[in-house]
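Throughout, the numbering used here is defined as the position within the sequence shown, counted from one, plus 5.
Don't read these hints as lab results, they were simulated from the structure.
It is possible that some hints are incorrect.
[What the hints assert, rightly or not] With beta-carbon atoms standing in for the labels, derived distance ranges:
hint, residue 1, residue 2, range
1, D98, A59, 52 to 60 Å
2, D98, T35, 51 to 59 Å
3, I145, N60, 17 to 25 Å
4, L94, Y64, 16 to 24 Å
5, G46, T128, 57 to 65 Å
6, A48, R138, 13 to 21 Å
7, R96, R33, 47 to 55 Å
8, R96, N60, 53 to 61 Å
9, A30, Y64, 20 to 28 Å
10, Q67, T35, 16 to 24 Å
11, T83, G46, 49 to 57 Å
12, Y37, Q67, 53 to 61 Å
13, G97, T128, 42 to 50 Å
14, V104, A30, 37 to 45 Å
[As the list claims (entries may be wrong)] List of simulated lysine-lysine pairs, DSBU-like, C-alpha gap at most 35 Å:
hint, residue 1, residue 2
15, K52, K140
16, K140, K130
17, K43, K140
18, K69, K135
19, K140, K69
20, K52, K130
21, K69, K124
22, K135, K124
23, K124, K140
24, K135, K52
25, K69, K52
26, K43, K124
27, K43, K135
Every residue, glycine too, gets a C-beta built ideally from N, C-alpha and C.
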Amino acid sequence: MYRLTGSTLPALLAFVIFASGCETAPQRPTLYPNNHLKAVGDAQAQKDIDTCMANATDYGVQEKQDGKVPQKAAKGATIGAVTAGAWGLVRGDAGERAVAGAAAGAAGGAASGAFDAQKTDPTYKNFVQKCLRDKGYDVIGWQ
């Protein structure tokens, strides 16, 4: 059986930190070519998108979900400790398994959080979409 050693955890955490730093291109709204878009043209529409995105940031709405990484790591640690500890009760080594499960769960939660951190926050999207709708645009998605 593989055991989590003192040198494995730092390497795993270094990978998670590295992965969380890999950014993807920011998403932008995709507009339906309604009459308003046709009337103002693409250049003006892109300026309006920039304005709405800046307004969201100015009002304190975060674009990315990066604040959720620690929460996901803690959730993973708790789930890992409980499930591995429960299995350990059956086998007779609950404490050791709970510690290993917590470490594995925290690493998994942090990795999941790191990848989710690059996604555009739903509140940010809603803010920008409302702003654009008020200007006469129809947002059909984000790319």
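Cross-check of the supplied hints:
1. D98 with A59: 52 to 60 Å: holds, 56 Å
2. D98 with T35: 51 to 59 Å: holds, 54 Å
3. I145 with N60: 17 to 25 Å: Roughly 20 Å apart at Cβ, these two residues keep to the hinted range, so it holds.
4. L94 with Y64: 16 to 24 Å: violated, 50 Å
5. G46 with T128: 57 to 65 Å: Violated - the Cβ-Cβ distance for G46 and T128, about 29 Å, lies outside 57 to 65 Å.
6. A48 with R138: 13 to 21 Å: holds, 20 Å
7. R96 with R33: 47 to 55 Å: Given a distance of about 52 Å, which is inside 47 to 55 Å, the answer is holds.
8. R96 with N60: 53 to 61 Å: At 57 Å between Cβs, range holds.
9. A30 with Y64: 20 to 28 Å: holds, 23 Å
10. Q67 with T35: 16 to 24 Å: holds, 21 Å
11. T83 with G46: 49 to 57 Å: This hint holds: roughly 52 Å between Cβ atoms.
12. Y37 with Q67: 53 to 61 Å: violated, 26 Å
13. G97 with T128: 42 to 50 Å: For T128 against G97, whose Cβ atoms are near 47 Å apart, the range 42 to 50 Å holds.
14. V104 with A30: 37 to 45 Å: About 40 Å separates the Cβ atoms of V104 and A30, which means 37 to 45 Å holds.
15. K52 with K140: holds, 12 Å
16. K140 with K130: Within the cut-off at roughly 15 Å; holds.
17. K43 with K140: Holds: K43 and K140 sit about 13 Å apart, inside 35 Å.
18. K69 with K135: Within the cut-off at roughly 18 Å; holds.
19. K140 with K69: The hint holds at about 24 Å.
20. K52 with K130: Holds. K52 to K130 sits at ~17 Å (cutoff 35 Å).
21. K69 with K124: With a Cα-Cα distance of about 6 Å, the restraint between K69 and K124 holds, given a limit of 35 Å.
22. K135 with K124: holds, 19 Å
23. K124 with K140: holds, 25 Å
24. K135 with K52: It holds: about 16 Å lies between the C-alpha atoms, which stays within 35 Å.
25. K69 with K52: holds, 21 Å
26. K43 with K124: Between K43 and K124 the Cα gap is close to 30 Å, so the pair holds against 35 Å.
27. K43 with K135: Holds, at roughly 19 Å.
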